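Colleague: Single-letter residue listing:
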Amino acid sequence: MIHRNKLVLGDKDLKDITEDICAPIEAYPSKGWLGLLTGALSIFIFYVIILGIVIDKGMGLLGVNHPNAWGTMIVTFVFWIGIGHAGTLISAILFLFRQKWRTSVARTAEAMTVFAVMTAGLFPLLHTGRPWLDYWLFPYPNQRGPLWVNFRSPLLWDVFAVSTYATVSMVFWYIGLVPDFATIKDRAKNKIRRAVYGALSLGWRGTAKNWSHYEMLYLLLAGLSTPLVLSVHTIVSFDFAVAGLPGWHTTIFPPYFVAGAVFSGFAMVVTLMSLVRIGIPEFKNYITLDHMEVMNKIIMTTGLMVGYAYGSEFFIAWYSGNPYEKYVFFVSRAFGPYAWAYWTMITCNVLIPQVFWFKKARRSIPIMFVVSIFVNIGMWFERFVITITSLSRDFLPANWGNYPWTFYDGAILFGSFGMFLTFFLLYLRFFPAISIAEIKPVLPVGRESKGVH
Amino acid sequence: MAKHGLGGIAGIWLDEHAVVKAAAKTRESGFVKFDAISPYPVHGMEEACGIRRSWIPYVTFVAGAAGLLSALWLTWWTSAVNWPINVGGKPFFSLPAFIPIIFELTILFAALCSVGALFYAAKIPRVDPPNIDPDLTSHKFAIFIPQNDIGYDEAKIERLFKDMGATEVKKLAEY
Amino acid sequence: MSENNHHDHDHTQIERNNTHWLTLEHYNNDPEFMKKAETEFQSSPLREGESENENESGWARREFLKLMGASLAMSAAGCIRRPIQKIVPYNKQPEEVTLGEANYYTSSYFDGNEGIGVLVKTREGRPIKIEGNPKFPLNRGGVSVRAQASILSLYDPERLQGPKYNIFNEKRSNKDTVGIKWDALDDKVVAQLKKGSAVVLTGNIASPSTRAVVSDFAQAFKADHVSWEPMANEEIREGQKACYGEAVVPQYHFDKAKIIVSIDADFLGTWLSPTTFTAQFGAGRRDPKKTSKLVSFDSTYSLTGANADIRFKIKPSQQLDVVMGLINALVVNKGISSYANNEKFKDSLISYANTAQKLGIEPALFAKVATDLWENKGQSLVVAGGLQTLTSRAHELQIAVNFLNSLLENEGKTVDGKNGNPGLKASYSGLERLIKDMSAGKVKTLIIHRVNPAYSTPKEAGFIEALKKVDMIVYTGDRIDETGDHATYMAPDNHPLETWGDAEFAKDVFAIQQPAIRPMYDTRSFELSLMTWAYLANVGPKRLITFETYYDYLRNFWKEEIQPKVAKSKVFENFWSEVLQNGYVGDFDKTSSPRSFKSEAFSFIKPASSSTGFELALYPTIQNGDGSSANNSWQQELPDPVTKIVWDNYVCVSIATAEKHHLKESTLVELKAGDKKVELPVHIQPGLHDEVLAVAVGYGRTKAGKVANGVGQNMYEFAGFNGGPVFAGQAVSLTKTSKKYNLACVAGNNSMEGRLIVAETTLKDYMKNEHAGVRRHKTWSIWSGHQYNGHKWGMSVDLNTCTGCSACMTACQSENNITVVGKTYVLQGREMHWMRVDRYYVGNPADALAVFQPVMCQHCDNAPCETVCPVLATVHSDEGLNEMVYNRCVGTRYCSNNCPYKVRRFNWFNYAKLIEKPMHMALNPDVTVRTRGVMEKCTFCVHKIKEAKNQAKLQDRKLKDGDVKTACQTACPTQAIIFGDLNDPESQVAKIFKDEPRSYALLEEWNAAPSVRYLSKVRNNDKETIDAEKGGH
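Residue numbers (this note's numbering), protein chains in the order written: chain A, 578 to 1030; chain B, 76 to 250; chain C, 37 to 1069.
Do not take every clue at face value.
[Stated by the list, open to error] Counterexamples of contact, computed for chain B against chain A with all Cβ distances above 12 Å: (1) L81; (2) G105; (3) L144; (4) I225; (5) E229; (6) G240; (7) V244; (8) K246.
[What the hints assert, rightly or not] No more than 25 Å apart at the CA atoms, straight line, and that leaves these computed lysine-lysine pairs for PhoX-like: (9) C:K626 / C:K277; (10) B:K198 / A:K786; (11) C:K449 / C:K626; (12) C:K207 / C:K505; (13) B:K245 / A:K786; (14) C:K325 / C:K1059; (15) A:K786 / B:K100; (16) A:K589 / B:K96; (17) A:K634 / C:K949; (18) C:K504 / C:K480; (19) A:K766 / B:K245; (20) C:K772 / C:K713; (21) A:K786 / B:K237; (22) A:K786 / B:K96; (23) C:K230 / C:K480; (24) C:K454 / C:K604; (25) A:K592 / B:K96; (26) C:K696 / C:K772; (27) C:K996 / C:K982; (28) C:K814 / A:K903; (29) A:K786 / B:K246; (30) C:K504 / C:K739; (31) B:K108 / A:K786; (32) C:K804 / C:K1030; (33) C:K800 / C:K404; (34) B:K237 / A:K592; (35) A:K634 / C:K859; (36) A:K634 / C:K742; (37) A:K634 / C:K953; (38) C:K953 / C:K739; (39) C:K454 / C:K595; (40) C:K325 / C:K1027.
FYI, nobody ran anything at the bench for these hints, they're computed from the structure. Remember, it's a predicted structure, so these values are computed and weren't measured experimentally. We put the CB at the ideal spot given by N, CA and C, even for glycine.
Build out the structure end to end from the sequences listed, making use of the hints.
Modeller: Given below as C-alpha cells:
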C-alpha cells in the first residue's frame, strides 16, 4: 500500500474539526471580510444599474452589431458556465472515483459552481432584444395556440441544460450541507441562529438509517451530475457547433469546451482557495498544499488538452480544404484584427500553465495564484476569439465588420465579478466552507497511529 | 412537535470503532428497534445495525424513465402533432435535435424525485427533533433503545452499554 | 362637367386668397369664422404639438380633415385627378378611394437634368412611394434613387409652412425672419416689380407651360430670364452649336450602340438622364451573345467606369487626348474617311499621335478601341460630358467628340439631335452676365426659382457679394437655405407632389405632373405667384392674367399649344384624360437624318498640352446629385455605389498616392488651390489615376436642415470660374494633417478573397461554354424535404445587367418603412437596409475593376436562421417564404449569426420612435413598423404577394406571372431583378432556375438551398479568361 500524506494536518480530533470549521461562522466577521464584502457589493450594485440601463435603452449600448450579433454577454456567459464545471467535477466525478482528498475543497468548489451558474444564467436572459419576453423560451401551454418553442434550437437546449444544471447542482450542494447545518444548530447559543440553522438542517438527526439513505442519495446525485455536467458544456458548445459559421461548425467543440471548462474552473478554484487559505489561516490544515498541487496538475493537464484542441482546429481547417475555415484560422485568428486576442489566449492557456511541470511551482501559493489568474483571463479570451473572429469574418466579405467595444461591454464583464464575489463572500461567512460531516471520515487517512486498513 | 411519548435509553460513545462494536452487540442481544446516531456516516454501521440497502435507486430509475418518456412525448406532440411547421426544411419530428432536451429532462426528473425520496425516507423536514446530546452532530456517537423494544430492561441495557465502554448512559422520557 | 367648372370657380377664390373653404359660412366669409380659419387652414401634422393651446378642434380632427381633403382630391376615374379643394365629410366617400387600397397617379419627376415619368402611389390620400411609369418612353419603368427619395422631402419637417419676410441688418445679412400673408407679400413684390429691371433666375425648366408662364411674365415686366444649374450642360450645347449649328442637348441611344466609349461621361450614374440611359444600356446587354461593349476612360471611379468592360484610368487633362488619339488612330493610322488625305487636318493631329504612351495605356489596347469603333460604325457611340469634363478645354473636347461621332457615322443614329431635352438651357455664361449686372446695380428685383446659387456657385464667381446689391430678392425655395438667407421674401413653391405641372423631357414627348396631395402648408406654386403678380399689376399677355389658377393656364396651354402638335383630331377632354392616364403623350421622331459636321469647328482644337501634379476632379454623386435635395436621410444613408461610404464626401486618392504620402483611410488632408483651402478625409480608391484627387460636390450644406447640415464640405466653392466653370483639371496641392476622421463605410472588405461570390466570365469564354465562370457543387440531403404545392416564390438577379445604381435599395427602403440610423450607428455596423448592393473589386488593385451584387434575404429552403430560433419567430411558409414574425421575436439574434448571407437586421434601439412628424405619413401602412429588439429582413414583399392574390381572387382568376412585382424589381431600370412563382413552369423565373446556364445559387456548397439565383456577369473584354481574383486590396 502506497504511503498517503495526511489529508488533515495538525493532529486534529473530531471536536477540533467541528470547532475549526464553525469558527468563521460563529465569530464576529473580520474587518478584512467586511472590507471585501463592501467592495464586492458596490461592484454588484453598479452591475445592477448598468444592466438596468441596458434593458431600458436596448442592446445597442453594447458593441454587438451586424455581423457580430453576439458579443460580451454571450462570451461572458460561456466563461462563467465554464467556471461552474470544476465544482461539480470535484464534488461528483472525484467522488465517484473515491478521491478522498476532494472532501476538503468540494464544498467551496460546489458553492463556486452554484454562484458561477447564477452569474452566467443572467446573460442569455438579458442579452435578448426584449428581455421582458424571455419566458417565451419555455414551452408552456398558452392561449396564442398552437404556439410552442423550437426544440431544434441549441438556444432552447441551453435553456433546458442550464436550468437543469443549476437546479441539480444546487440540490446536490444543499443535500451536502444538511448535516453540517444540524451541527451548527446544535452548537448554536442564541435562539435565532438555532431557529435559522435548524430550519436549514430540515431537522436532520443522523441516525444510522438516515445516513444509509443519505449516502445512497449522495452517490446517485453524483452519478447523475457527472453526465449532466458533461452535457451542459457540450450543449453550450452546440450553440456554436450547430451553427454553420467557419470556426464554429466543428465536431471537436464538445470535448474541447468541456476540457476548457474544467481548465478554467480549476483555475478559479485555485484562485479562491489561495484566498481562503489567507483569509482563514486555520483552513490551511484542511486545504493543504497537497490539495493545491493536485489541482495544479489537473490545470496543467486540461491546459494541454485545450492546447491540443487549438492545434487540431488549425489542422482540420487546413485538411478540410474549406476556404472559409482556412481563412478564419490562418488569416483571421492568427493574423487578423483580433490576432492580439488570439495570442493572449495562447499565452495564457497553453504557455503559462507549463510552469506546473515543476513541483516548486505546483506547491507555491503565489505562483499558482498568478497562473490561475492568467488562465482565467485566457479562458475569457478563448470564448471572445471563438465568438468574434468567426462572426466578424464569415462568408461574404462585404458583410465583414469588427466589434466596436463600448463602455457597457466593459462594465458588464467587470460587474459580473461583483455579483459572483458578493455571493461567495456571504457564503464564506454563513455556510461551513468545508464539509464537516465529510471531512471527519477521512481524518485517519495517512495517520499511522489510527490508520484504518 | 411530532413527538410520540416514547422513552428509552441512550448510550454515548466517543470512539467510532467502539460504537460500531456496541451496535453489533446490541443487535446480538436481540434488540431490533434500536438506532445509532453519529455526526457522520460511520463505516460498517449498516452491517452492525443490520440496515437493508436503501431503496432510493429504484425511485431514481423510475423517475428517470418517466422524465425520458414525457420529454419524448412533449417534443413529438408539440412539433409534429399540435403545431407541425416547416423549420429550416427539417422534418417535423426531428428526433436527433430533440435528444438534448430528452436527456436533460431525464436527469432533472431523476434527481428531484430521488431527493424527494430521501425526504420521505428520513422523515424530513422535521421541526425541532429530539436531541439526545448536542455533541452527537460534532464528535459523539450514541445508541438508543426505545422502551417498546423486545426485552427492554433498563438495568440490563445500562450494564450492556457500560460494558461496551459507553462514556455515559442517558435515560430519556421521550423520543 | 358642371361640377368641374364649379370647382375651378371655387378654385380661384381659393388660390387667390389662399384659404380653402370648409363650410358655406366660410365661403361667404363669415368674419369670425374666418378668424378661426386663419389658423385652421395651416393645419399640418407638424402643428400637432402646438394644437393643445388652441381652444377648439385639436389634432385628431385636423389630421382627419387633411387626409380627407387629400383623398377626396383623387376622386375621378382611372388615373385622372381634379384639383378639388373642398373638404367633404366622409359620408360622401369618393368611389375611387378605398381604405386599405393604394391608388397610383401618373406624374413626372425632374431634378434639373434628368426627367422621368413616374407613378405616385398613394394610400388614403397620402403619397407613400414613387415608382417608374412603365409606359414612359424614356425610363421605361425604371426610377432613380433621388426620384424615390423625393417622397421624403415632401414630408420634410423643416419645409417652410408659409411665405416669410427676412429682416436684414445694414450689412444685408439676415437678422430675423417673420411670417407674412400672401397678399401682403404680393403687394410688396408687385410694387417693386413695377420699378422694372427685374430678373427671373431659374434652373432648367422642363415644363413647356412653365416656360410659357416665365416668358409671359418676362414680357409683362420687361424682365430677363436667366437659366442656370450647377450641373448645366452648356458645354454640350455649345459643342453642338459649333459643329452642327444648333445649340441642343441631343438624345443618346445607348441601346443601339454595340460599342460605347465614355470619356468621363458618367451616363450610368449622374450624366443627363442616367435612369433612361441605364435602361437603354441594360437592353443592350440583356443577351450576352449580343452584348454591347463599354469602354470607359475614367478620371474619377464613376459608376460608368465600374460597369465598363474595359476601363482606363486617366486624369481630367487627358480627356481631349483620348478623343484626339482615337481620331488620330482612325484617320492617320488607319487612313479612314476623306480626312485621311487632308494633310492640313492630319498635321493638326500630330501632337496627339502617341496618346497611348502618354496615357500609359498599352498601344495595342488603345488601337483596338479605335478598331472596334470603326468596325461598328453607325452602331457605336462616343460620349463625354458632365462636371467631370468641365476642364478649361471642355469646349474642344465636345467638338472632338462630335467629330468622332460624325466620323463614325453615329450622328443621327446613336446620337440624335432631334429628340433632345429642350428644357436644358442652363448656362454659366448666363449666370456670369447676371452677376455682372447685379454688381453693377442693374438688377432691382431678382426672383430665384429652383436653384440655390448662394450654395452651389464657385466662390470666385462672387455671387453672394453681387446679390447684396439687389433691392429685392424673392426666393421660391421650400426653406430658408443658403440662398433663402439672402432673400427679402420667401414665396415658397409647392412640392412637385402637391402641384400641377407638365414636362417635355424629349422634344415633343410631353409628360404630365399630377398633384397627389393637397398642399400641406400655406405654399403657392411658382407659376401662380408669377401669374398673381402680373394679374395684380395688370400687365402682360392675356393668358397670363386671365387664368385664375395655374391649373387652368396649364390646361389651356395643352389645348392650344400641345394638342395640335400630337393629337389634332381628338376632343380635348378625351385627349386630356388619356394624357392623365398614360402620364405622357407623343413619341420620339424616329426618322434618322445625320446632321453634317462643320469642319471649321475642328480648328478650335489646339494642339495637345501636358501637365503633371495633382488634378482636382469634382463629381456629383448618385445619392445626392447636385446637393439640392441633400436634406434627405434616405439619400445620405444610401452607400455610394462605388465607395460604399455614407454621410460624407472625401478625397479619393490612388493607392500609390496614399503610400507616397503615408495616408491611411480617412486621415484628414488639406487641399489647396490658389487661396482656396478645404480639409477632407481621404478615401483610398483602387483604380484611380495617381495624379487625380476626386471629390464629390453636393455636400457641405450649411442651411439645408438637420439632416444635411455639416455633412461633408462644399466643393462648389472650390470650383474654378474664369470664362466658364472649371470643375475638373484644376491644379491642387495636398498636405497631410495629423487629424483623424471616421468615414462610415458599409463595405466590410473590397475583395472576394478568392471565393465564388460574383461569378464572372469573359465573352470569349462564354461563347465557348455558357456555364463559364460558375462552379457547380453536388449537394445532397439525408431526407426528402418538404413539398411545396401551390406557389413557390423565387427571384433571379442578372449580374450582367445590374449596374449597381442602388435604386432597388431606396425602393426597398420606401416600400418597407426601413429606418435610417445615422452616421454614428453606421460606423458601428448598425445600418438597416434589407437589401444591399455588395461591391467587390477584381483584378490588380492599381486598376481594379468592379462587380456588383444585390443581396437580399435568399429565402432558403433549408433556412439556417429558422433552425436556431428558439421561439419559432422565423419559420417557413408553405410558399417557400422565410417568414419573420416580429411580435414573436425576443431578439436572441442567433438567426443573424447563422445566416451565411448576413441579410438580417436588428432593431438595436427603438428607431420607430424617432420618426419625426410628418415623416410618418411616408410610411407604408401595409408594412409593420418594427419595434425595438426584434429582427427584420427582406420579406420578398409578402404584402404585395397577398395584394396580388386578393386581386386575382376578386377577378376570379389564377395568379399569373408578373402579377407580383417586388419593390426592388419595379425600381430596377435594367429589369435585372425578376420575381415569380417557381411552381409555374411558364414563369420567367422558373425558366431561369431550370434552363439558364448562367444562373447559380450564392454559396451553393453551403446547401441552404436559397430561392434566389444570380446570373453570372459576362465581361466583353476580348480576353480569354477574366483577371484572376488577385484580391483587391
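Colleague: Confirm or reject each hint.
Modeller: Here is what the structure says about each hint:
1. No beta-carbon of chain A is positioned within 12 Å of the beta-carbon of B:L81; the least distance is around 15 Å.
2. Interface exclusion of B:G105 from chain A stands, the closest Cβ pair being 18 Å apart, more than 12 Å.
3. With 12 Å as the threshold on Cβ separation, the claim that B:L144 sits away from chain A holds: the shortest Cβ distance comes to roughly 16 Å.
4. With 12 Å as the threshold on Cβ separation, the claim that B:I225 sits away from chain A holds: the shortest Cβ distance comes to roughly 18 Å.
5. With a least beta-carbon separation of about 21 Å from chain A, B:E229 lies farther than 12 Å from that chain, consistent with its non-interface assignment.
6. The Cβ of B:G240 sits about 16 Å from the closest Cβ of chain A, beyond the 12 Å cut-off, so the non-interface label holds.
7. In this structure B:V244 is separated from chain A by more than 12 Å, as the shortest Cβ-Cβ distance comes to about 18 Å.
8. The claim that B:K246 is not at the interface with chain A holds, since no C-beta of that chain comes within 12 Å of its own (minimum 19 Å).
9. Annotation: proposed proximity of C:K626 to C:K277 holds, straight-line Cα distance about 22 Å (limit 25 Å).
10. Our distance criterion of 25 Å between C-alpha atoms is met by B:K198 and A:K786, whose separation comes to about 11 Å.
11. For the suggested pair C:K449 and C:K626, the alpha carbons sit about 10 Å apart, so the restraint of at most 25 Å is met.
12. In summary, the hint linking C:K207 to C:K505 is supported, as the alpha carbons are separated by about 11 Å, within the 25 Å threshold.
13. Straight-line distance between C-alpha atoms of B:K245 and A:K786 comes to about 21 Å, which keeps the hinted pair within the 25 Å bound.
14. Proximity of C:K325 to C:K1059 is assessed by CA-CA distance (about 15 Å); at most 25 Å being required, the pair is judged to hold.
15. For the suggested pair A:K786 and B:K100, the alpha carbons sit about 18 Å apart, so the restraint of at most 25 Å is met.
16. Pair hint A:K589 plus B:K96 holds up; C-alpha atoms about 24 Å apart against a cutoff of 25 Å.
17. Between A:K634 and C:K949 the CA atoms are separated by roughly 12 Å; this keeps the pair inside 25 Å, and the hint holds.
18. With a C-alpha separation of about 11 Å, the suggested pairing of C:K504 with C:K480 holds against the 25 Å cut-off.
19. Proximity of A:K766 to B:K245 is assessed by CA-CA distance (about 23 Å); at most 25 Å being required, the pair is judged to hold.
20. Distance restraint check for C:K772 and C:K713: the Cα-Cα separation of roughly 13 Å lies within the 25 Å cut-off, and the hinted pair is therefore satisfied.
21. Between A:K786 and B:K237 the CA atoms are separated by roughly 24 Å; this keeps the pair inside 25 Å, and the hint holds.
22. Between A:K786 and B:K96, the direct Cα distance comes to roughly 17 Å. Compliance with the 25 Å bound is thereby established for this hinted pair.
23. Straight-line distance between C-alpha atoms of C:K230 and C:K480 comes to about 10 Å, which keeps the hinted pair within the 25 Å bound.
24. In summary, the hint linking C:K454 to C:K604 is supported, as the alpha carbons are separated by about 21 Å, within the 25 Å threshold.
25. Taking the CA atoms of A:K592 and B:K96, the gap is near 21 Å; set against the 25 Å cutoff, the hint holds.
26. Proximity of C:K696 to C:K772 is assessed by CA-CA distance (about 11 Å); at most 25 Å being required, the pair is judged to hold.
27. A distance of roughly 13 Å separates the Cα atoms of C:K996 and C:K982; the hinted pair therefore holds under the 25 Å criterion.
28. Distance check on the hinted pair: C:K814 and A:K903 sit about 21 Å apart at the alpha-carbon level, within 25 Å; holds.
29. Restraint check for A:K786 and B:K246: the C-alpha separation of about 22 Å stays at or below 25 Å, so the hint holds.
30. For the given pair, C:K504 sits about 18 Å from C:K739 by alpha-carbon distance, which is consistent with the 25 Å threshold.
31. This hinted pair checks out: B:K108 and A:K786 have alpha carbons roughly 11 Å apart, not beyond 25 Å.
32. Our distance criterion of 25 Å between C-alpha atoms is met by C:K804 and C:K1030, whose separation comes to about 21 Å.
33. Of the supplied pair hints, the one linking C:K800 and C:K404 holds, its CA atoms being roughly 16 Å apart against a limit of 25 Å.
34. Between B:K237 and A:K592 the alpha-carbon distance is near 23 Å, which keeps this suggested pair within the 25 Å criterion.
35. Proposed proximity of A:K634 and C:K859 is supported: the alpha carbons are some 19 Å apart, at most 25 Å.
36. A C-alpha spacing of about 24 Å is found between A:K634 and C:K742, which places the hinted pair at or below 25 Å, so the restraint holds.
37. Restraint check for A:K634 and C:K953: satisfied, since their Cα atoms lie roughly 22 Å apart, inside the 25 Å limit.
38. For the hint pairing C:K953 with C:K739, the CA-to-CA distance comes to about 20 Å; that is within 25 Å, so the pair holds.
39. The straight-line distance between the Cα atoms of C:K454 and C:K595 is roughly 24 Å, inside the 25 Å bound, and the hint therefore holds.
40. Among the hinted pairs, C:K325 with C:K1027 is consistent with the structure: their alpha-carbon atoms are about 18 Å apart, no more than 25 Å.
Of the hints listed earlier, there is not a single one the structure fails to meet.
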